[in-house]
Amino acid sequence: MYSIRQVVGSREAALETALVLRQVVSKARFSNIQQLIAVIREVGRRLAEAQPKEHSVGNTVRRVLHNVREEYNSATKGATGASRNVYSISKFVLQGQPRKHTGGAAKSEARITLKENDPSDPDSFARALKPVLMEAIQDVLDELETVYDNVSKNAKDHIHSDEIILTIGHSKTVEAFLKSAGHYRNYTVIVAETAPSYQGHEMARSLSAAGISTFLVPDSSIYAIMSRVNKVILGAHAILANGGLFAISGSLLAATAARAHSTPVVVCAGQFKLTPLWNLYHEHGALDFADPSSVLGFDEGKLVERVDVVNPYYDYVGPELVDVFITNDGDHPPSSVYRLIKETYDDDDHEL
Amino acid sequence: MPPKSSSGKDKDIADEDEVLQAVILADSFNKRFKPLTVGKPRCLLPICNATLLDWTFESLALAGVQEIFVICRSYADQVKAAIRDSKWSKPSSGLKIVPIVTAKETFSPGDAMRDIYTHGIITSDFVLVTGDLVSNVRIDEVVRAHKERRRANPNALMTMVVKEGGTKHRTRSRGESGVFVLDPDTSECLHYEPVIGYPPTPLIKIPREILDEHPEVEIRNDFIDCSIDVCSVEVPSLFQDNFDYADIRRDFVYGVLTSDLLMKNIYCYVAKDGYAARVADTRSYDSVSKDILSRWTFPLVPDDNHPGGHAYEHLRGNKYIAKDNSVVLSRTCKIGNNTLIGSHTTIEANATVHASVIGQRCKIGPGVVLRNAYVFDDTQIGAGCVIENSIVGARVRLGDRCHVPRGCLIADGVVIGEGTKLRKFERVSRKREAAKPEQANDANDEEAEEDSDLEEVEAHQEGAEEILGEGSNALLWPQSAIDDEEEELDERESFRNQRLMRLGACPRFAGGTIY
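Protein chains in written order, with full-length UniProt numbering: chain V, 1 to 352; chain S, 1 to 515.
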């Protein structure tokens, strides 16, 4: 289903993945945790391979695996498992200091007696664990469903009155973020039209419909107007472990222009875009080259023969060009993304 | 992901109505790919290392088709086996593929349509394509448009998908095309006139009534005919009624539009975005390969959704190298742009590969030059060979320092000796094994037909020995059609017209004189 790109958009793909995994877990027969993990991995690998450039699929699988393991640990080891999150970086940033983690145990029900590999009743393990697992996957789903709200809940702290914001492309997250800020502040958005997909047109239409004063400018004028811009807000397709990101083509242009003017660059993205890959940007194909038809019409018979047109869908924006990532898990500088990834996923799942 | 298609939700609505059926005419009913198609149906020829049939399935799956009937005639067993072994026959594929073997007497698409009628498999509007289609057009949108039109006008019979391409487009066939006369408002096709490249068609006739009835007409000679037709249920029955309809365009469309009694309408769908083309001849084989490599077919590209299930890494300059680290590239070899290299292939020192497709498990010797060459699986090319604008089949052995100039077709399993210099547009196939007696008895028609072809070739082998070199098992096919007049070929299959459809044919001489 992913393979022929019927599911469009990172979040939709992630949601779809979580739903499939929920289905798989509810149907799966297993008598110990390894079997279950193997089943999820196998399905996850197939899903991720069907659409290798949609990283959110693999990320969701990793997240589900992480949650499943966590539930399993807390169910078997009780209190020892729950205290794993003590040094969470997001807590650190939010609260200023590491604190004893107390909330984790609140939702764990009365401890279930788990018996793995019970020969007399092989399904007993599955039966006992499944409700907890379903809840774990539901958590992932809930998180995905509320991701836009959570990213944009602090929008008013980032955008101030009378500021001029530049954005590019049509990221749903950025759209929600700007609209949420629009409830509190009076500010101006400049939208680059984002050739060749011209997603900026739609973004501008949507923002101005929400009552935000919006300008649509061609991509070529990004540098020229950058001196007047207070902040650049970008969406992301995937955030890599080094703090760099893949974003719609044109983002690199905007980010570099912003660097030249020392304008802060803010990236809004849900946590499911965190991708535990370090060196993806070395790969030429990672930019997801689309068909050339939006750049050069197929009817230009003579040119089609003689010109090679490349139409990369994404730009790689390096970590040095980004100032902060705003996620549903708090705000982070690029340098701590690796830490966030370590907390979100288990190390053994990086290769599905 | 790139929001190429946002019609996911609308599609669900269409799904509720009925299953979208497609019919693939997997037989080409002509011999343009001979001798590559000796012992193999054309739809199983690989293009960019996946069979044409797989590309067609992938294209249809992309368009939301759920049930496919594959009409096969020659080598039906091979086609059936290929379908059985493909990923599409797995229950998870969501596609139902039914191979249908037609009678040996099926000699044209028209015969195949009559066969479909007698099978009675078609229950609703269906999509008719050929087994050599590469497309990413949202056919379901065409189907929806067609159904809407039918609701308003029950006489809407068919919608043809065409693409604007300009007269000189590489993907547009110069040997055979058509002039479409359209009503720009309704995109109704008012008249269709077939055009062939040789002898050049200088004028077409448009019935006067058309100009009377329609204040505005568009006469288009720049369409690439994708041969994707959305047909109504009654189309097969019309073929049944008119037993002399052979070709879908030249006979059926022309016949329906010029008929005074039928009062049926045919429409065109000018695909604005999306790509669709068929591999109708070796020339379009070349151009469709190039279109795939330069990603016009996105999302059907080698590094993503490769129909053969291979994984390729996409490198700068549209180079695709198999991903499993099994390709051995010498340090000094040069890989140019628009190149695809299959897994387990070795390319040795100082070899140059430019705008070429190389299959799996090939060995390209030192100093070889490949330019616009298509090399199928398991082929070995000796040191210092030069291959240009040619197709080299599977399991071919080329000795050292062979020269294969443009337009050559070398069939599967051919061995060519050292230092051979082929002439331009040479066609080479393997000699027949001495026929065993028991085989001769139960040889079926198909083999017989093939044999008669080969016998003819064998009769013209003077001078072949010197050209092919020692240790060769090859047969040279005649350069020009020897008996054009004897065999009653229709004009478009004549040698001089076919010449325009050959790989490497020079575009400058569209008018006709020999290279």
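Because the hints were derived from the structure by calculation, they are not lab data.
A hint or two may mislead.
Claimed, not checked - Derived contacts from chain S toward chain V, CB cut-off under 10 Å, selection only:
#: 1; residue: Arg150
#: 2; residue: Ile224
#: 3; residue: Tyr275
#: 4; residue: Asn305
#: 5; residue: His314
#: 6; residue: Lys334
#: 7; residue: Asn338
Stated by the list, open to error - Output of the computed footprint for chain S on chain V, the stretches with three or more beta carbons under 8 Å from beta carbons of chain S:
#: 8; region: 274-286
#: 9; region: 292-301
#: 10; region: 304-316
Built from N, CA and C at the ideal position, the CB exists for glycine as well.
Quick rundown of the hints versus the structure:
1. Arg150: violated, 26 Å
2. Ile224: This interface hint holds because 9 Å falls under the 10 Å limit.
3. Tyr275: It holds, given that the least Cβ distance between Tyr275 of chain S and chain V is near 7 Å, below 10 Å.
4. Asn305: holds, 5 Å
5. His314: Status holds, d = 3 Å.
6. Lys334: Where the cut-off is 10 Å and the nearest Cβ of chain V is about 17 Å from Lys334 of chain S, the hint is violated.
7. Asn338: The hint holds - Asn338 of chain S has a Cβ within 10 Å of chain V, the shortest such distance being about 7 Å.
8. 274-286: Satisfied; 3 residues make the cut.
9. 292-301: holds (count 6)
10. 304-316: Held - the region 304-316 of chain V has 7 residues with a Cβ nearer than 8 Å to chain S, which meets the minimum of three.
Hints 1 and 6 from the earlier list are contradicted by this structure; the remaining hints agree with it.
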